[in-house]
Amino acid sequence: MSSHYEFRVAGLVSQRSRGAFPDMVVVDAPPETIIVGEVQDESHLHGVLALIQSLGLRVVSLQEIHHRP
Amino acid sequence: MGEWPPARGRLGVPRVKTAVPRLSARHIARPRLLEALDAATPGQLVLVSAPAGYGKTLLLAEWAAHDPTRTAWVALDEDDNDDRRFWSAVLTALTSCPVVPEAHDLRGFPVPARPSHDHEFVAGVLEAIEAMPAALRLVLDDVHELTATDPLHGLGTLVRDHPRGFQVVLAGRSDPPLPLGRLRLDGRLCEVRAGELRFSVAEADAMFAVAEIPVRPDQVRELVAQTEGWAAGLRLASLSMRGADPDVFVADLVANSRAVSDYLVSEILDRLPRADRELLAAVSVCDRLSASLAAALSGRADAGEVLDVLEHETSLVISSGEGRVYYRVHPLLRSHLLADLRRRRPDLVTELHRRAAAWFADRDQPVAALTHARRAADTTLVTALLRRHALPLIGNGRLRAVREALRWLVGRGHDDDVWLAMVGVLVDLQTGGVRAARAHLDRADHLWPADPPPDLVALRDRVVAGIAVSDGDLDAMMAATEEIATTGAADPELAVMGRLGRALALATAGRAGEALRIAQPALDQARELGLGLLVAHGLAVLAVIAAGTGEYRRMTELAEHADRDVSPGTEWVATSGAATTAMLRSFGALLRADPGRCLELVGKALSFADQGSPPDLMSATCLAVRGAARVDLGQRLDGLQDLRSARGAAAASGRAGPALIAMVALLEHRAAALLGRHDLARAVSGWADGALGDAGEVALLRAWQLSEVGRYRSAHAEIAPLLDGSRPLLTPWALIDACVVECRLALHTLHTSRARSSLSRALELTESMDARRPLATAPPDVVDLLVRHLGSFGALDATARRVLAARHALGIDHSTVALTDRERTVLNLLPSQRSFDEIARDLTVSHSTVKTHVRAIYSKLDAGSRREAVDIARRHGLLLPEG
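Just so you know, the sequences run in chain order A and B. Just so it is clear: in the first sequence, position 25 is 25 by my numbering, and no numbers are missing. Just so it is clear: in the second sequence, position 744 is 1744 by my numbering, and no numbers are missing.
Treat the hints loosely; a few may be bogus.
Stated by the list, open to error - If you want the ones that stay clear, here's a sample from chain A, every Cβ over 10 Å from chain B, calculated:
| id | residue |
| --- | --- |
| 1 | Val27 |
| 2 | Ile34 |
| 3 | Gln63 |
Stated by the list, open to error - Taking CB as the label site, the calculated pair distances span:
| id | chain 1 | residue 1 | chain 2 | residue 2 | range |
| --- | --- | --- | --- | --- | --- |
| 4 | A | Val60 | B | Pro1110 | 19 to 29 Å |
| 5 | B | Pro1014 | A | Val60 | 45 to 55 Å |
| 6 | B | Gly1299 | A | Glu64 | 10 to 20 Å |
| 7 | B | Ala1450 | A | Glu38 | 42 to 52 Å |
| 8 | B | Ala1251 | A | Leu62 | 26 to 36 Å |
| 9 | A | Glu38 | B | Ala1275 | 37 to 47 Å |
| 10 | B | Arg1443 | A | Gln40 | 51 to 61 Å |
What the hints assert, rightly or not - Facing chain B, from chain A, some residues (calculated, C-beta under 8 Å):
| id | residue |
| --- | --- |
| 11 | Ser3 |
| 12 | His4 |
| 13 | Arg8 |
| 14 | Val9 |
| 15 | Val25 |
| 16 | Val26 |
| 17 | Ala29 |
| 18 | Pro30 |
| 19 | Pro31 |
| 20 | Gly37 |
| 21 | Gln53 |
| 22 | Leu55 |
| 23 | Gly56 |
Rather than coming from a laboratory, the hints here were simulated on the basis of the structure. Here the structure is a predicted model, which is why all the values come from computation and not from measurement. Positions of the beta carbon are idealized from the N, C-alpha and C atoms, including for glycine.
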């Protein structure tokens, strides 16, 4: 049941921190940063949130992206 | 048989988990927050909830420092998702409170297998806390680490039912899954959240002053604004500003739109000497580490000292434990370092994991060593570790570690290693994957060498025996275990497993004495070697032996003992052995005439079976037990269906042993007789006759049938050899049934003293076997005799009373509907659309005869109409469902 999620975090994220998301796309969107990627399931989703939190980043919004036909 | 040691206490809990964290000399006191905490009334739950780095732990440590003698502290971690670990930690923390008296009840409290669901245990703990001379406060720090259902359930109970004066304090990064909304509405929640925890300008000012960093008030305001009062951010900022120009730093931070922590961490790392930075990066592959491990990882003999210096000067490293033996890098920093290292030097990450694996392997910590070896992608090391440790790990019930390592190895060049393949089959069998086991065994056999070494042969014998046990194939069990029993295997774990397998085979074959002589020393040896899983298996085998000899009380005790006293970390609950103990315990409850408890337990045993595949013999046993319990509880239709499935599964397998067939037949026959389904009873009896030949049970069922039709003399001829022991029974409790039938025959033929002595014997057996069900569900005439003679059974009067109480609880006298065969025939035609005239023609009787039967049926069922009669009959299981 994997799907794509978009995480918006406050501030711009350094190259160093970007390394923590090797499977995701990290895009600058000042004053925020968007992290987009495939999430396997609920546990994975919480794992990503925990990773973001453990990097000291603040989640501004979280959204599931539906594939366009 | 020997004595069992008393229930062992709880699991060992490292001191570091229950020690209140020390406050550093530079700690900033936060009186306004302490006031908020002090305002909490004893009945309130205190919740400190905020993301990482808000100073939750330090705040609570400061609070505890004001009242150290009555604060119990638990720093939770991932391991506490093991329910027993969680409760062990809680109990250890509570008893290490100075105000708890030396001799308090709480000290000796053992932790059962599933503590959070053990009402007796939880109630006992709460009572012990209530009886405490002083009010206690329990702090559970990092409560977000709890994610498993069991400990969360326990936590919920603690919060809901906490004794008066006992205060529960929770701190974590996210709100725990408790009914917080309701507690808040009821005024039973005292919360300190991120908003309150934010540093005010004054507090931040104090922090910079203590750190001796000269900043102007406007700069402090700016820093607080930028970090939003986030304590970790301010601390990181103060570290970054050492020796820097505050003006430039603050201006830079404000102008930079980068995430604050991200910016600060980069700043700090850039300021560290290169060698220290490398050391921190090297140790980032481990969460908690000792100086020796740090030295092994970084290749620096002085790693411990460097970490000490970093702790004192930067607070980037936190030490803990007795004599501060463990170090932890600040989690924020660690995740940065690790992510960085993975990106820049993936080769180095691999190498570091390899070093960690070697370090753990040298210290005989195979589980940690395997984890790191896998992360190092070192197949040689993983296989070497498995060769040395796989069997002891299995014996200890560390099944997950072995399975994960084996799964990881697939496709990595060791697929043709026959020994590893066999180990995989052994793990499959432990966890009930019989189909997988058989497939894996086939593969392993393809790889079988021409000249196999003895340890490989022993391993295969063990695996084949395990499959035979799962199949319930007695001949194969005996054949596969014969070798092991006589020749000693080189591996002590295999030797113990082999003996236990042999004992189980012998017990299944009804050779209890021989089984016991092998099982007992094997169990002792498992204890000596400290093999937790095999100890539990040994107890389960002893329970099976006890079941075979009719010692049902002992059977239940042994099975409970196996479930309860599992040593720490042993994954017993998920194994085939635990399914066996659940089945035996449910069977014990059925015989004690406690069908409710029986259903609870049998569910556990049934859930273990392969879902979707046809029921195996283990499931057949469970279905028979569940069916009987359901009938006892009045769920007749479901019960009869279970019993029929059990018979079907036993018949279909073609391998069911006579003991199983006898048990299924007795249970289904009794249910059918009790519900007046004589047709069904005859069918069951016929099946048993064909399948069991001359077993005593066949005679018992025949005697029952004969007595039903009034052929008492023939019935007596069948039953007499059972009573004098000349014709043995396969199921010990059937002897009670035999006494009941004999008592009934004697009553019908007016042999009063013989009836009386049969009843006494039935009572004696009921008492010695702890099996009330046969008498409690006996025909009414036998029970009448019991009631009439109550008070004259001497020591057995208490037993008689318990039997009657059980009968009353089962509600048998209110729910039995005794229909004659003719009435049943008519009843079976009632659901059809046929008129009474047509029914009369079908049965070749007169219209008025049918009407008489129908009236009798209505009155017996207490029904007002044809339709109602059909409904009630269906509910009572008197009619089969359509289709």
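Verification of the hints:
no. : hint                             : result
1   : Val27                            : holds, 14 Å
2   : Ile34                            : holds, 13 Å
3   : Gln63                            : holds, 19 Å
4   : A:Val60 to B:Pro1110: 19 to 29 Å : violated, 49 Å
5   : B:Pro1014 to A:Val60: 45 to 55 Å : violated, 39 Å
6   : B:Gly1299 to A:Glu64: 10 to 20 Å : violated, 46 Å
7   : B:Ala1450 to A:Glu38: 42 to 52 Å : holds, 49 Å
8   : B:Ala1251 to A:Leu62: 26 to 36 Å : holds, 33 Å
9   : A:Glu38 to B:Ala1275: 37 to 47 Å : holds, 39 Å
10  : B:Arg1443 to A:Gln40: 51 to 61 Å : violated, 29 Å
11  : Ser3                             : violated, 22 Å
12  : His4                             : violated, 22 Å
13  : Arg8                             : violated, 12 Å
14  : Val9                             : holds, 7 Å
15  : Val25                            : violated, 15 Å
16  : Val26                            : violated, 12 Å
17  : Ala29                            : violated, 11 Å
18  : Pro30                            : holds, 6 Å
19  : Pro31                            : holds, 5 Å
20  : Gly37                            : violated, 15 Å
21  : Gln53                            : holds, 6 Å
22  : Leu55                            : holds, 6 Å
23  : Gly56                            : holds, 3 Å
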